[in-house]
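Undergrad: Below are the chains, spelled out letter by letter.
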Amino acid sequence: METLRASWFGFEKTWTWYRRNWRATAVSSFLTPVLFLLALGLGFGSQVQSTALIGGVPYLQYLAPALVVVTAVQGATFESTFPVMSQFMWQKSFIAMVATPITPAQVLYSQVMWIGSQLLLRSIVFVGIAVLLGAAAGPGVLLAIPVATLAGLAFSAPLVAYSATLEKPEAFNNIFRFVLMPMTLFTGAFFPVSQLPDWLLPLVWLTPTWHGIELARGATFGSLDLLPALGHLAYLGALVAVGVALGVRFFHRRLAV
Amino acid sequence: MSDLFVNVGWVDNLVEAKALTKHFGSFEAVRGIDVDVRRGEAFGFLGPNGAGKSSTMRMISCVSGRTGGDLKVLGMDPATQGPQIRARLGVVPQLDNLDTELTVRQNLQIYGRYFGMSRQRCREKAEELLEFAQLSDRADHEVEPLSGGMKRRLTIARSLVNDPELLLLDEPTTGLDPQARHLLWDRLFRLKQDGVTLIITTHYMDEAEQLCDRLVVMDGGRIAAEGSPSALIDKYSTREVLELRFQPGAEKPDLERFAERVEVLPDRLLLYTQDGEHTLAKVHEHGVQPVQSLVRRSSLEDVFLRLTGRTLVD
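Chains R and W, in that order, are what the protein sequence lines are.
Heads up: the first sequence at position 248 corresponds to 248 in the numbering used here, and the numbers run straight through without jumps.
Heads up: the second sequence at position 179 corresponds to 179 in the numbering used here, and the numbers run straight through without jumps.
Note that these hints are calculated values from the structure, not bench results.
Even glycine gets a Cβ: it sits at the ideal position worked out from N, Cα and C.
It is possible that part of the hints are untrue.
Pulled from the structure, derived: some chain W residues nowhere near chain R, Cβ distances all over 10 Å [said to hold, decoys possible]:
1) L89
2) D177
3) L183
4) D194
5) R257
Computed beta-carbon distance windows for the label pairs [claimed, not checked]:
6) R:V242 - W:D213: 27 to 37 Å
7) R:P169 - W:S147: 25 to 35 Å
8) W:E127 - R:A229: 45 to 55 Å
9) R:W22 - W:H141: 24 to 34 Å
10) R:V257 - W:D70: 18 to 28 Å
Can you make the complete structure from the sequences, with help from the hints?
TA: Structural data, given as structure tokens:
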């Protein structure tokens, strides 16, 4: 209870900041889904012949639930890198926080809470726009909202922990190039992963994006079986838990020296 | 969070450290210091960069754990009661860590929330502190473009949001111009009069002399001396100092017999004596012609030089 309350105060701070600066992030979080859905769903999708492999549905509708997840994981990546490092090194707001009764662990919780709320907001906006553009196959697409938030957090929590160990931002570029980019393109959002070479699949299964896409798309088209669904949720939940546990360690190490 | 604000009882020594040490790997930043800070006093840690002042401050502010020794702050153990202690401390860090993209007022209000204060209370307190920091007319400005002195005042105001019993200031005026420093000192005097206990680290001797009732001189992680500024000067220096400057590279004459003690610095000689003018006259009589001479009162700088053989600010 205590911890939740203290973490909430950290959340409030970022919210105060957001109220002053939301316009800057609004462009990326509102415009991105529109552009992606227009270009890939409507534009590119108009040239795509639907096949049995993608369930025979229009490409736009096939794409939409997966794009919610992909966008959430992308947003999670940005929110978990530079802003975290900045609050240790440039703005130093984490350092200011731990001079008060707030503990390093509570600082981490407030950060993860904040990122989760951002992912939720982005996902709601994305699904809303998808519905408006006729990209929603049915009411099941609404489940893409919590699923995308969870998948985003599953990547965010370990990344926040990692960011807490860094002294220089260079490593972030490698994450964007060599982790985020392939994770966006090759985890089943744009084409079924069955088209990938077999040896690549284990890597795909490691990514939170793939699990999120399986869940979001399955929920949208009602093709989800209980057991695999629980498996995906458990894996994503475990990533969040491990990330938070590491984060608590690394935040403490960084802030309490 | 209410249990954080329970008064755990009145203690006279707000800080009690015994054989306190702090190691970073194999580096010994603090090598066994004994310190007591009494309620109501302004206590200083004076020393050059790297003396262990900031490490000590971080341990007292219950952010950094101790490696060895005993430490009690407000009668509690930082290792187990950190949040409870921090709830009653104010901390002014060496480097400003304000939320520069928020307004002056928001910085104060948000910080009050960190201490679990109600929004209403935060609003009132922010108003009061804006007044104190002389920033009322900037209340709704963003922090980023403010001058260094204003940011510093805001940082101090922010540290007072929880009405702390003990205020910790790490190098409070480093990097400020003289006018901004004096304004800041004035605010700190006011706090002292209000009964707030202050702990200040500084490598400025004038700051220590102005603000501190009592101080320790730190060097290499140890305490070299302890006392009031005037007592330290009495004990480790003479009343006056005659400074003689010579041509660069010129050989400096041996003037030991004219003073109680002579310090040889790269560019000048310091002659420690009870009467500087008199000593100067005798030096002149002796035919020594320095480029420049200056008689001044002894300061903590001289105490430090005596204790460590080095100057404070290089």
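Undergrad: List in ascending order the numbers of the hints, as given earlier, that are violated by the structure.
TA: 1, 6 and 9
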